[in-house]
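Since chain A is already given, all that's left is putting chain B on it; use the hints.
There are 2 protein chains.
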Amino acid sequence: MKIYFVSDGTAITAEVFGSAMLSFFDVNVEKESVPFLTTVDQARGFCKQLQEEDERGDNTLVFFTISDPEIRAIIESGNSHSYNLFGDLLAPIEKALGVPAQPQAQKAHGMKQGVYDSRIDAVNYALANDDGVSIKHFDEAEIILLGVSRSGKTPTSLYLAMQYGIKTANYPLNEDDFASVGLPAVLRPHRAKLYGLTIDPNRLHEIRTGRMAASKYASPRQCRYEIDEVEAIYRQERIPFLNTTHLSVEEISTKVMAEMHLRRNRS
Amino acid sequence: MKIYFVSDGTAITAEVFGSAMLSFFDVNVEKESVPFLTTVDQARGFCKQLQEEDERGDNTLVFFTISDPEIRAIIESGNSHSYNLFGDLLAPIEKALGVPAQPQAQKAHGMKQGVYDSRIDAVNYALANDDGVSIKHFDEAEIILLGVSRSGKTPTSLYLAMQYGIKTANYPLNEDDFASVGLPAVLRPHRAKLYGLTIDPNRLHEIRTGRMAASKYASPRQCRYEIDEVEAIYRQERIPFLNTTHLSVEEISTKVMAEMHLRRNRS
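So the protein lines, in turn, are chains A and B. The first sequence begins at 1 in the UniProt record's numbering and counts up by one. The second sequence begins at 1 in the UniProt record's numbering and counts up by one.
No lab work stands behind these hints: they were computed from the structure. Mixed in with the good hints, there may be bad ones.
One copy or any two copies: either way a pair holds, since identical chains are not told apart in the list.
[Stated by the list, open to error] Restricting the straight-line Cα-Cα distance to at most 30 Å, the calculated cross-link-like pairs of lysine-lysine (DSS-like) are: (1) Lys95 x Lys193; (2) Lys255 x Lys31; (3) Lys255 x Lys95; (4) Lys95 x Lys216; (5) Lys31 x Lys48; (6) Lys48 x Lys255.
Same shape as in the complex, but just chain A:
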């Protein structure tokens, strides 16, 4: 089964939503995005391709989000399994909001300078404050992620910045910190912003082995030791923390947002 995500924009909405729908089904599918389909000719060309695939006996399914009625009609006619993702909901929501839908409004929305800047600033901030490289800007941080090396700090920092425009710093806890009593001095002024990540020692061993095989750094014993120490710090200092072993970056980020009551800096 071949699944197309077709859109006059990035097709990200069709992709995210369509993929979520498909995740309810235990089927193997091939996915392909068709973004920026904005002309009648492109629509006809795409339908021609669909028909050829149908004639070859390939099953295809199309999720689309298209504003232009003429183009939408062509896509709908091209496949018996074409789903207009906005189709059924637009009317009731018009009613709920009490204003008519304006297809053109969406394009205008595509890019809000302010929003864009807040996200890019946050990404640059996350990069500049990754892995404790620069601790002098911790006061700017909305959240400071703690954890041992390879427990998920950096991807989570970048995801929070990219998706939500949240200024995220992260600080790697290591043996120096384990040796000293209480929190590292640089973190003490920022207690309310601290959030800990932890991970199953065996999983950490796997990840570190992929990076530096047969090293002390990657040894099961070292991984166990570091995780024991870091979780002890979280408990002693009453720092909220999360085990990332079975979570995707999206799941980690949204759990952190919820627990720390962070609000996106973008519309």
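Below, chain B without anything else, positioned relative to chain A:
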């Protein structure tokens, strides 16, 4: 108008889809995500909150994606404007795929180790190969983004890695490169992977001023000069390129994916 995105998972699907729907309407709304709503008690608590807001005369609208029928029923009963985002489409898609929807399948999907790793690897690769800091791994890159400082290389690299698991390097073109003839030697072996970013000089001036006001680096003249030079290189060397001035990171990334025929390394 207050909009809630409610889910038994991250709520990202509800958020992306709901926000796309709302972008058709020229209304100011306050958005709030309610992720990981997985119990009847949580659902009742949320509905209670909705009712209080209704009584205060606040308008609320709820987009939700919930697998459990009992919890779903509670959410649906809680608000006259609750929209089950999967509701209308699941049945037809069951028919199209010829297999029944399995709510539980989704959770299993939540996190695929292989997929996760490919994305984290790609993010780590993008970080290690950001801004030309390490050119020795260019042969591993699926794409190498070119551009002057602040033209959007880094956020695009990270987005491509995070969202699509694509190993993206980037190389900043600067005066040394403008002075020399032809492509920088380090790029020549990778011609097929090169993609250029450019930006309106005035916008570049704005961005650089925010970073280093009243510097030569940020001066309108320097920005114009660098953009002229970089676009000349793209044209001479027949490197495909894109103007990022009015595009979001998502739009840049999906256009690059489409033009370079890149395929996501994740399901």
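Now for the hints, and whether the structure bears them out:
Taking the shortest alpha-carbon separations for lysine 95 and lysine 193, neither the intra-copy value of 41 Å nor the inter-copy value of 49 Å comes in at or below 30 Å. Taking the closest pair of Cα atoms, lysine 255 and lysine 31 come within 30 Å of each other both inside a single copy (28 Å) and across two copies (17 Å). In this homomeric assembly, lysine 255 and lysine 95 never come within 30 Å of each other (Cα to Cα): the closest approach is 33 Å inside a single copy and 34 Å across copies. Proximity of lysine 95 and lysine 216 under a CA criterion of 30 Å is satisfied in neither setting, with 63 Å inside one chain copy and 54 Å between copies.
Taking the shortest alpha-carbon separations for lysine 31 and lysine 48, only the intra-copy value of 18 Å comes in at or below 30 Å, while the best inter-copy value is 40 Å. In the homo-oligomer, the alpha carbons of lysine 48 and lysine 255 lie at most 30 Å apart only across protomers (22 Å), although the nearest pairing inside one protomer, at 44 Å, exceeds that limit.
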